[in-house]
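Chemist: Make a model of the complete structure from these sequences and hints.
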Amino acid sequence: MRHPLVNVAQDGQSIKINEQLYTIVTNERDALDLEMLRKKYDPFLDQYDYLVGDVSSDHLRLKGFYKDEARTSIDKKEMAIVDYLTEYCNPGGPYFILELTNPTHHYPHQRTRKPYYERERNRRNDRFHSRRRHGKGYRKNENNPFKKRRVHQTKFKKKQSIAVKKEFGRYHSFIIKKRKENQ
Numbered sequence: 186m187r188h189p190l191v192n193v194a195q196d197g198q199s200i201k202i203n204e205q206l207y208t209i210v211t212n213e214r215d216a217l218d219l220e221m222l223r224k225k226y227d228p229f230l231d232q233y234d235y236l237v238g239d240v241s242s243d244h245l246r247l248k249g250f251y252k253d254e255a256r257t258s259i260d261k262k263e264m265a266i267v268d269y270l271t272e273y274c275n276p277g278g279p280y281f282i283l284e285l286t287n288p289t290h291h292y293p294h295q296r297t298r299k300p301y302y303e304r305e306r307n308r309r310n311d312r313f314h315s316r317r318r319h320g321k322g323y324r325k326n327e328n329n330p331f332k333k334r335r336v337h338q339t340k341f342k343k344k345q346s347i348a349v350k351k352e353f354g355r356y357h358s359f360i361i362k363k364r365k366e367n368q
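Reminder that position 144 of the sequence shown reads as 329 in my numbering, one-by-one numbering, no gaps.
Just so you know, these hints were derived from the structure itself, not from any lab. A portion of the hints provided could be inaccurate.
Derived Cβ-Cβ restraints for the label pairs, each shown as a range [claimed, not checked]: (1) Asn328 <-> Thr286: 58 to 68 angstroms; (2) Lys333 <-> Gln232: 44 to 54 angstroms; (3) Asn287 <-> Asp218: 20 to 30 angstroms; (4) Lys333 <-> Glu272: 48 to 58 angstroms; (5) Asn328 <-> His290: 44 to 54 angstroms; (6) Asp268 <-> Pro330: 47 to 57 angstroms; (7) Pro288 <-> Phe331: 49 to 59 angstroms.
Yeah, the Cβ is synthetic: ideal placement off N, Cα and C, and Gly gets one too.
Modeler: Structure, rendered in structure tokens:
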């Protein structure tokens, strides 16, 4: 056995696993077996906000998910639980979902975006400060033999053309254009 057996106690709609209290969100087909959960639970799963357990061939498989506001990959978030159940679990198979009621970890608030005018002001200030840094007497790296220069677009001269209009008859006319090469 890789890890010691955990203490599991059920009280109605709540389960206590290693001093952490979970509430039962769903228990399809009575998939929640305390003895099987005691054997399969790994302390690594304490970090997750949701535990999903599915039973296939009398084996319990546990998977953890975070709340949606956590900064993690999308397949580990709460909204991916339904996708996990449909793609990785047996169709119509027994499963259960447990939600951590008193999490010990807290997620930082989502980063709010600054209004446009503040971002624009900061961008202008940064541009001004970066120019000042690269003025006379300022050398970032004395040993660097390369200089930073802007590349300008190459402009090609346009070819000149001479137009000759010829008319034949009353309604027919055409234009002959001859290119004049500049050298």
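Chemist: It remains to establish, for every hint, whether it holds in the given structure.
Modeler: Taking the hints in turn, this is what the structure says about them:
no.	hint	in the structure
1	Asn328 <-> Thr286: 58 to 68 angstroms	60 angstroms, holds
2	Lys333 <-> Gln232: 44 to 54 angstroms	46 angstroms, holds
3	Asn287 <-> Asp218: 20 to 30 angstroms	24 angstroms, holds
4	Lys333 <-> Glu272: 48 to 58 angstroms	50 angstroms, holds
5	Asn328 <-> His290: 44 to 54 angstroms	47 angstroms, holds
6	Asp268 <-> Pro330: 47 to 57 angstroms	55 angstroms, holds
7	Pro288 <-> Phe331: 49 to 59 angstroms	52 angstroms, holds
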